[in-house]
Structures are given as structure tokens and as C-alpha cells.
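Student: In case you want the letters, here they are:
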Amino acid sequence: MSPVYIHVVSDQQKYIEFELVQRAQQGDAKAFEELVILSDHQVLNLAYSMTGSLTDAQDIYQETFLRAFKGIGDFRFQSSFRTWVLRIAVNQAINWRKKKKLKLFFSLDAQNPGENDTPFLQITDDSDASAAIRSGEILQQIHAAMHTLSSKERAVFSLRHFQEIKIKEIARMLECAEGTVKNLLFRATQKMQKALAHYIEE
Amino acid sequence: MSTCRTIKEKLVLYCYDELSDTEQAELEAHLKVCSACQEELAALQKLQADVKSFSVSNDILQPTRRALFYKLRNMSAKEQPSSPWWNIGKLALQAGLAIVLVFFGFKLGKNQSQTGSNFAIKDLLTASRTISVDDGSISPLLVGIDKITFSSDGAVEISYNTLNKIHIQGYGNDPAIQHMLHYALLTDDPIARLRAVKALEKLASMNKKLDDSYFTILQRILNQETNIGVKLTVIDILGTVQPQPQVQDILVNAMLADDNQAVRLQAFKALLGGEYQIAALENVLTITKSDSNTYIRTKSLELLNKSKGTSL
Numbered sequence: 002m003s004p005v006y007i008h009v010v011s012d013q014q015k016y017i018e019f020e021l022v023q024r025a026q027q028g029d030a031k032a033f034e035e036l037v038i039l040s041d042h043q044v045l046n047l048a049y050s051m052t053g054s055l056t057d058a059q060d061i062y063q064e065t066f067l068r069a070f071k072g073i074g075d076f077r078f079q080s081s082f083r084t085w086v087l088r089i090a091v092n093q094a095i096n097w098r099k100k101k102k103l104k105l106f107f108s109l110d111a112q113n114p115g116e117n118d119t120p121f122l123q124i125t126d127d128s129d130a131s132a133a134i135r136s137g138e139i140l141q142q143i144h145a146a147m148h149t150l151s152s153k154e155r156a157v158f159s160l161r162h163f164q165e166i167k168i169k170e171i172a173r174m175l176e177c178a179e180g181t182v183k184n185l186l187f188r189a190t191q192k193m194q195k196a197l198a199h200y201i202e203e
Numbered sequence: 002m003s004t005c006r007t008i009k010e011k012l013v014l015y016c017y018d019e020l021s022d023t024e025q026a027e028l029e030a031h032l033k034v035c036s037a038c039q040e041e042l043a044a045l046q047k048l049q050a051d052v053k054s055f056s057v058s059n060d061i062l063q064p065t066r067r068a069l070f071y072k073l074r075n076m077s078a079k080e081q082p083s084s085p086w087w088n089i090g091k092l093a094l095q096a097g098l099a100i101v102l103v104f105f106g107f108k109l110g111k112n113q114s115q116t117g118s119n120f121a122i123k124d125l126l127t128a129s130r131t132i133s134v135d136d137g138s139i140s141p142l143l144v145g146i147d148k149i150t151f152s153s154d155g156a157v158e159i160s161y162n163t164l165n166k167i168h169i170q171g172y173g174n175d176p177a178i179q180h181m182l183h184y185a186l187l188t189d190d191p192i193a194r195l196r197a198v199k200a201l202e203k204l205a206s207m208n209k210k211l212d213d214s215y216f217t218i219l220q221r222i223l224n225q226e227t228n229i230g231v232k233l234t235v236i237d238i239l240g241t242v243q244p245q246p247q248v249q250d251i252l253v254n255a256m257l258a259d260d261n262q263a264v265r266l267q268a269f270k271a272l273l274g275g276e277y278q279i280a281a282l283e284n285v286l287t288i289t290k291s292d293s294n295t296y297i298r299t300k301s302l303e304l305l306n307k308s309k310g311t312s313l
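The listed protein sequences correspond, in order, to chains E and P.
Heads up: the first sequence begins at 2 in my numbering, then just goes up one per residue.
Heads up: the second sequence begins at 2 in my numbering, then just goes up one per residue.
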């Protein structure tokens, strides 16, 4: 029996979330687990799109929720739980990159970060094998292109392009002006366009 | 005239549907006459289409989640060594169950008794309530409402829109049913909302009273609802229950502040019919005596005069 996944974004969900957070704040660990289930796929996707490596994404995922669990008492309902958790994840992913850079400095594998991860991917809109292979190639290209972005550009591009979160919410998440987010998105798009130019024109 | 850079930036925002209506209209007008921008837009759209969203598969997500839960449980176990929750978690892990509580909540709920007054799915499974769930894999808290029925003996049944139908039955004064009705009253689905207030109306007229928890929600509905029928039903509910300060406040608010005449009038009538102290309403009546509705206006004046007459 496979579980059924339902994503409802509504007042009802906000009400449920509100109640779950309150219970989690009172130390109800089960309520926290329910909160995890409501937001964790997006956290994992975000971490993956920002790092290009599944193992790193899993580390960021775990670190994010452990931090959220420890910090839930400080959550003040100024944003949704999802926004709050994604903010933690973005910061984790940015820090991860700094750490990784340090590691890469001493490493010879710098060119292929996380290359073994690609087979695990589930790619949308694919039916036949050749398309899957091609999508795998595209994904590698996309990850390579993502590496040309700065941490913040990458965060904004991941959030807006892959997670489809509106600029307004991103600004709240990153605690900066909407204009800054727009600017970062613009620069990121230009760099992506440049990095993928040869590939896209084929 | 905009500079090249600002237009380029707007093209990106246009692709992500992030422009205001006026900006969008301006840009579309510009696009009609500028072939360079048309090409730029086509290139951006191609990028968008090629850099498709991808998602980490469930096969990866599930073990990642289990690992996290395992770690969380260890952490809480250290904090509270005798926590029954941990023991259950351990058993569940040993049994190889996927600890996806929302989806397996029904099954776990059957075997455990827990402390705490908070509502949980397991509460629905106790005592005289009946729930039919074919495979118990969905939390009713996360799904839409199909219909709500109210029978003459005071029983409420809520059916949920799920792959396998979920029905929740119980008496109106039952905390679990109350809780589910709260959700129904707050749902985004206008029809489900209407059904919820109708069920509540029957409940109120039968018992002549409602649990206090409903009043905050009813106030919220009056503030936000767009369907006048729902609002009027809410007023009727408030008029049916025994007079009390909280209800009076809500009715006075509606009478003073609602945009709709019919709602104001209904609230006014509910207040008059509910044996509220007219003297206590004097301040309100001095405001409503200039209401745009004739009935409210004349009746307010009449009551004011009467109350002055008695106090003199």
C-alpha cells in the first residue's frame, strides 16, 4: 500500500499548521513530525537544486529540521512554518557551499561534485529511456550552470524557478527587499542563459 | 522611455508572472513593436522550458525522512527518558513500519493510549464514534469535505473527499465532531462552508447553546465571508443561542460594521429578539439611528425614546 500525498494550501491548512506548531512548542514531538511531513519534500528539493548533490541535500535536510526542532520554541508565527523552515534550509545550503569550497580547494574531484547522484533522480515528463538519458545530461548541465551563480543568486533562482515561490515570499524569507530579489533573479537568469547557451541552441 | 536593462529585467519578471497589471500591459505594448525584445523573450521562455523543475523521488525522500525521525526520537528520548511516545516509536521502528504518522495515524492510534488533552486523529477512534476508513491511509484533516448531514437525533456525519471515502459520525457536543466542524467552517470551499453553517444552525436550534469555541470562528466568518447566505445563517445561529456577552458583541459588531443591509438588519433583529438589555445597547442605538436602512433607523429611534422614557 503506497501512501497518498495530498497538498492542500488553504485556511484549513494554516489552521492545522498553527495548531501543530503550538503543540510542537509544548514539546509534542509527534506534532513536529507532522510539520516535517508537510514541508520536507520541498526542503529536500530545494537543497538538491542548490547543491546538485543528493548526499549533500540529505545532510542539509537533516540539519535544517534538527535546527527547526531545537528552535521551534522561538517561532513567532511571523511567517508560515514552511517559509521559516525553507529559510533555515537556504542558509544551510549557503553555508554548505562555503564549507564545500574549502574542501574543494584541497580536493582533486572538484570538477564532479556529486556525480554519482544523478541516477536517483525522478525527472518529470519523461517516458522513454533515451529521453531519460537526455534529461540526465540536461540535469548535469543545469547543475554545472547553477555552479556559476553566487550563493544568493542560486538561492533566489532555486526558490523562484524550481520551488515556484513568489518573489514577495522569497524577500520575506531572505529578509531583503523585493527589488533585491528581482535583481538577483535577473542576474541569475542571465548567467543561466549564458552558461546553457550552447546546450539550449541545439 | 525605459532603458534596455530595465526592459530586460521586466522580461524576466514577465516570464515568472511577477509584473503588476499595468507593467504587464506596458511591456506587452512594447513587445508588439520591438523585435529585439521579442527575441529576448523567446530565448527566456526557452530557458524556462528547458530548465524544468525536477523533484527528488519518494524513494529517496522516505528513507531520508525515516533517518530524521529516528534522530529526532533519539533526541527526545534523551530529554525525556520515560516518554511513552519514544517507546511506541521504537516498537514501530522495530516492526519496520514507515513512521509517516499522518498516513498511518489511524493504525498507530488504535494501539496506543496517550496522555494530553490535545485533539489527535486517534481521538476519533475511541468511544462510541464510528469511522469507516477503507485503508486508513489519509488524514481527514488534510482533505476536502464532501458533505455534512445532520440527523434529527442530533448526530452529525461529515464525509470527506478522498480516494476511499471517509465518514465521521458523532453527536454535535462531541469534542471530536466539534473539532471537525471547526475545520469545515474554515474551509476554502464555499459549498462545504455553507453546509457546515447549516449543520451548525440545526445543532444550535436543537440545543439552544453552542460550545464557546465556535464563536471566534463565527466572528471570523462574519468578517471574511463573501456569501451573504452564509453570513445570514451565522446571524441566525447567534440569534438562536442563549443571550451571552460574547454573542452580543459579535451581533453588535455585525450590526454596526457589516457592509450588507440584510446582515445588519438580521443582526439587529437577533439582538432585539434575544432579550438583550436595551439599556446596555443605548450607545449602539445612537449610532444605528442614522443607519441607511429605514427599519433600523426608525426602530433605533423608537427604542431610544422608549428607554429614555423609562429611565426618566
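One or more of the hints may lead you astray.
In silico BS3-like cross-links for lysine-lysine, where the CA-CA straight-line distance does not exceed 25 angstroms [unchecked claim]:
| id | chain 1 | residue 1 | chain 2 | residue 2 |
| --- | --- | --- | --- | --- |
| 1 | P | Lys148 | P | Lys72 |
| 2 | E | Lys153 | P | Lys47 |
| 3 | E | Lys15 | E | Lys99 |
| 4 | P | Lys72 | P | Lys9 |
| 5 | P | Lys209 | E | Lys15 |
| 6 | E | Lys195 | P | Lys203 |
| 7 | P | Lys199 | P | Lys210 |
| 8 | P | Lys270 | E | Lys153 |
| 9 | P | Lys33 | P | Lys9 |
| 10 | E | Lys153 | P | Lys148 |
| 11 | P | Lys148 | E | Lys195 |
| 12 | E | Lys99 | E | Lys71 |
| 13 | P | Lys309 | E | Lys169 |
| 14 | P | Lys9 | E | Lys195 |
| 15 | E | Lys167 | P | Lys53 |
| 16 | E | Lys15 | P | Lys199 |
| 17 | E | Lys71 | P | Lys72 |
| 18 | E | Lys167 | P | Lys47 |
| 19 | E | Lys167 | P | Lys9 |
| 20 | E | Lys100 | P | Lys148 |
| 21 | P | Lys270 | P | Lys199 |
| 22 | E | Lys100 | E | Lys167 |
| 23 | P | Lys209 | E | Lys192 |
| 24 | E | Lys169 | P | Lys33 |
| 25 | E | Lys169 | E | Lys192 |
| 26 | E | Lys192 | P | Lys199 |
| 27 | E | Lys192 | P | Lys270 |
| 28 | E | Lys99 | E | Lys192 |
These are computed hints drawn from the structure, not numbers from a lab.
Remember, it's a predicted structure, so these values are computed and weren't measured experimentally.
Student: Decide, hint by hint, whether the structure agrees.
Tutor: For each hint, the structure was consulted:
| no. | hint | verdict |
| --- | --- | --- |
| 1 | P/Lys148 to P/Lys72 | violated, 41 angstroms |
| 2 | E/Lys153 to P/Lys47 | holds, 23 angstroms |
| 3 | E/Lys15 to E/Lys99 | violated, 35 angstroms |
| 4 | P/Lys72 to P/Lys9 | violated, 47 angstroms |
| 5 | P/Lys209 to E/Lys15 | violated, 31 angstroms |
| 6 | E/Lys195 to P/Lys203 | violated, 65 angstroms |
| 7 | P/Lys199 to P/Lys210 | holds, 15 angstroms |
| 8 | P/Lys270 to E/Lys153 | violated, 59 angstroms |
| 9 | P/Lys33 to P/Lys9 | holds, 15 angstroms |
| 10 | E/Lys153 to P/Lys148 | violated, 47 angstroms |
| 11 | P/Lys148 to E/Lys195 | violated, 54 angstroms |
| 12 | E/Lys99 to E/Lys71 | holds, 23 angstroms |
| 13 | P/Lys309 to E/Lys169 | violated, 55 angstroms |
| 14 | P/Lys9 to E/Lys195 | holds, 14 angstroms |
| 15 | E/Lys167 to P/Lys53 | holds, 17 angstroms |
| 16 | E/Lys15 to P/Lys199 | holds, 23 angstroms |
| 17 | E/Lys71 to P/Lys72 | holds, 12 angstroms |
| 18 | E/Lys167 to P/Lys47 | holds, 21 angstroms |
| 19 | E/Lys167 to P/Lys9 | holds, 19 angstroms |
| 20 | E/Lys100 to P/Lys148 | violated, 54 angstroms |
| 21 | P/Lys270 to P/Lys199 | holds, 20 angstroms |
| 22 | E/Lys100 to E/Lys167 | violated, 29 angstroms |
| 23 | P/Lys209 to E/Lys192 | violated, 67 angstroms |
| 24 | E/Lys169 to P/Lys33 | violated, 29 angstroms |
| 25 | E/Lys169 to E/Lys192 | holds, 22 angstroms |
| 26 | E/Lys192 to P/Lys199 | violated, 57 angstroms |
| 27 | E/Lys192 to P/Lys270 | violated, 66 angstroms |
| 28 | E/Lys99 to E/Lys192 | holds, 20 angstroms |
Checked against the numbered hints above, the structure breaks hints 1, 3, 4, 5, 6, 8, 10, 11, 13, 20, 22, 23, 24, 26 and 27 and satisfies the rest.
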